[in-house]
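*Asks:* Next come the chains, spelled out residue by residue.
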Amino acid sequence: MVVKVYGPIMAACPQRVMACLLEKDVEFEIVHVDLEAEEHKTSDFLLRQPFGQVPAIEDGDFKLFESRAIIRYYAAKYEERGPNLLGNSLEGRALVDQWLEVEAHNFNDLVYTLVLQLVVLPRMGKHGDVVLARSCEQKLEKVFDIYEQRLSNATYLAGDSFTLADLSHLPGIRYLVNDAGMGHLVAERKHVNAWWEAISNRSAWKKLMKLVNY
Amino acid sequence: MAMKSTRKLYGSLNSPPTLKVLACLFEHDIDFEFVAIDLEAGEHKKKPFLSMNPFGQVPVYEDGDVKQFESRAIIRSMAHQYGKKGEELIYWDSRQQAVVANWIDVEDHHFEPPVLKLISELVLKPKKGLTPEEETVAGAEAKLAKVLDVYEARLSKLKYLASDKYTIADMLHLPNIQALMGTQAKKLFDSRPHLSAWCAEILARPAWIKVVEMQQNAQA
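Chains as they are written, first to last, in my numbering: chain A, 1 to 214; chain B, 1001 to 1220.
Just chain B, with the same shape it has in the complex (with noise of 0.2 Å):
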């Protein structure tokens, strides 16, 4: 990543949607230049990032004159585009695609906001000094149990969400199960064990390790 690249992405290694294009990226092998945009002094919510994504959110991903933002969005164009044959994270059959569509959308409706409120609860809030709410923390995890059921009744059938292989679908849950395993959450997927099979395959691709390893230089 010396050269200056045509691809850019704009965002925060803080940021859940980030990390999921970052994996995006190295799975795919595409050459890009990250920009960081600090988060915590709110440069995301002034321009010149506000033209970029008026919703003042990141990420931002520039691939030539192309700029897209939301992270399903650009993950979506991006594994289409750039899909190497017999490798690739999406199908390019209309009816197969659907059945990774859907459960793109399971992650970002079902399985996501309950495990949002876990990280809140269980990562931020212990970093500002604060303390977790129990009974936030119960309800969410409640909420959380009752998705990874169906999750694990799917994976019981599947080695991955929409398919026999490995799809953007499976990507989309790494960052939040990555952060979540190091909380006492880490049990609700501990106790269901296709589930956790799933989750260790998933955080053992090479792809994803670059990202975990991206993060922890910069904190260093």
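Bound conformation, chain A alone (with noise of 0.2 Å):
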């Protein structure tokens, strides 16, 4: 049975998802939503996701969103199957869990505002607030610092392997990087730079990349 993404294959959140399940290779489907003609509106996608909004998965009769419930879901599920991207005991699960709070808390809302006005607004041939885009890059110049520190005492943000918690802003840093300008972030900083190459290099999200047409 063929997992079904509900989602563009363009947006963010699908996309944290489409890499777990890459990771997993477990095989899925992706089922387009026009956010432009505000499908994720619709009485028939609300009965998906009743707030509106981007990935909802269906895998035979189980029905989930939040991308981040869903990354851990297939991680669980399949465990034993590909990287574990878990955590190897108690302890390590705590930490994953702990990042992956941190990018949802701390990362995230930045990421999503700045991409906003810097890129998707503009897109839409509207005006895009710059001001607060130089705002949000401030705010996350500090939060790269934490993860420098962070990642000078150890490989991945989780400990020494890749988790959950480095795959959930594969696709947050890719726009930064490749759409919004914002290179520098992870360039000026030697061991985010050496841990976004490693996770951006994994063969899962270069499959992902090609699906995409990146």
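Mixed in with the good hints there might be a few duds.
As the list claims (entries may be wrong) - Label-pair restraints from in silico Cβ distances:
{"no.": "1", "chain 1": "A", "residue 1": "Ser43", "chain 2": "B", "residue 2": "Gly1064", "range": "46 to 52 Å"}
{"no.": "2", "chain 1": "B", "residue 1": "Thr1136", "chain 2": "A", "residue 2": "Ala187", "range": "38 to 44 Å"}
{"no.": "3", "chain 1": "A", "residue 1": "Gly125", "chain 2": "B", "residue 2": "Pro1193", "range": "41 to 47 Å"}
{"no.": "4", "chain 1": "A", "residue 1": "Asp44", "chain 2": "B", "residue 2": "Ala1036", "range": "46 to 52 Å"}
{"no.": "5", "chain 1": "A", "residue 1": "Ser43", "chain 2": "B", "residue 2": "Arg1007", "range": "44 to 50 Å"}
{"no.": "6", "chain 1": "A", "residue 1": "Leu211", "chain 2": "B", "residue 2": "Asp1029", "range": "31 to 37 Å"}
{"no.": "7", "chain 1": "A", "residue 1": "Lys41", "chain 2": "B", "residue 2": "Gly1139", "range": "14 to 20 Å"}
Keep in mind that the hints were calculated from the coordinates and are not lab data. Heads up, the beta-carbon is just placed ideally off N, CA and C, and yes, glycines get one too.
Put the complex together from the two separate chains, hints included.
*Replies:* Okay, structure coming up:
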């Protein structure tokens, strides 16, 4: 049974899910949702995701939304297959959880806002708020400083192997570096740079890049 | 809690994330020492606290030699580590736990943002002698109303958010619901019967009442 991932392939949150499915070699099918046509706000879609957001998944008769909940599920379901994305001990898992939360609370909103202002709105022919974007950039500098310190003590965020905590950052950082002209945030930090090189060169992520046609 | 424990919770009784972790500690009967961090004095933005959480936020939880921050991460691991068989607040089955994880993120991404805005306007501002901004309040109430409609529909099918039993997904809502019940936003809950019943249930949990008592004793 092929997992159905509802959402546009270009959007960061569906990419988070797809990256995980590729790491775990889980077959999936993308069901495109047209955000510009507001398909995510239709009553049909709201049955799938009552908050009108992407992604949502359907795996046989099992439905789930919230991308980080979805990746936790698949990492647990296929724990024995492929790389261990969850951590090796209770403490290891606690660290994965901690850095997943950091991504969601300290990183994600800043990236989302910055990319919206500098990339998405202009693509739609609208004006982005450059002052707001600059403020996000400055805050991200401080966040990346903390990551730099962390990654000088550990190869990956949760320890010495690649986990969901690192995976969760992939789509957002790709947007920052490739689309929003924020490559310096990564390149200027030795350990963050090495970490980004490592995680963005994983074959699962490269497969996704091919799928999206970047 | 007279004996020094190897478990310490660093936080503030004014901080909802701290209160969430306290609820979890009490639910699991875990003995710990509470170390108050003075947020008003900016203690969380200075060393040594920053060496525990470089993001300068409470709470931080120490269990033996493991230090952890981010309340939802702490609660997830605590519930898995200390879950009492038959009374767990999580599921060992990955599919059922996925639903819990889903609603933990709903609380995080959809419920908390408008609620924190309302608490800021309706609770914190008056404490400082400031007036709430009507437009901000109206906007946040409208956003929250839409979220609560989703909750109402969900709770008309299930007793709790993630299943028929109380889980950490429900627990995460406690401090913020408690705070809102003392404001005009209470009407948003009262007008939705299943939501209202669920609120009454979860606020009545003995572990939560212990947290409220802790707050009251600190203010006494």
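*Asks:* Against this structure, judge whether each hint is valid.
*Replies:* Status of each hint after checking the structure:
1. A:Ser43 to B:Gly1064: 46 to 52 Å: holds, 51 Å
2. B:Thr1136 to A:Ala187: 38 to 44 Å: Distance hint for Thr1136 of chain B, Ala187 of chain A holds at roughly 39 Å.
3. A:Gly125 to B:Pro1193: 41 to 47 Å: holds, 46 Å
4. A:Asp44 to B:Ala1036: 46 to 52 Å: Check passed, 50 Å falls within 46 to 52 Å.
5. A:Ser43 to B:Arg1007: 44 to 50 Å: Roughly 48 Å apart at Cβ, these two residues keep to the hinted range, so it holds.
6. A:Leu211 to B:Asp1029: 31 to 37 Å: Hint violated: Cβ distance 49 Å, outside 31 to 37 Å.
7. A:Lys41 to B:Gly1139: 14 to 20 Å: holds, 19 Å
When each numbered hint is compared with the structure, a violation occurs for hint 6 only.
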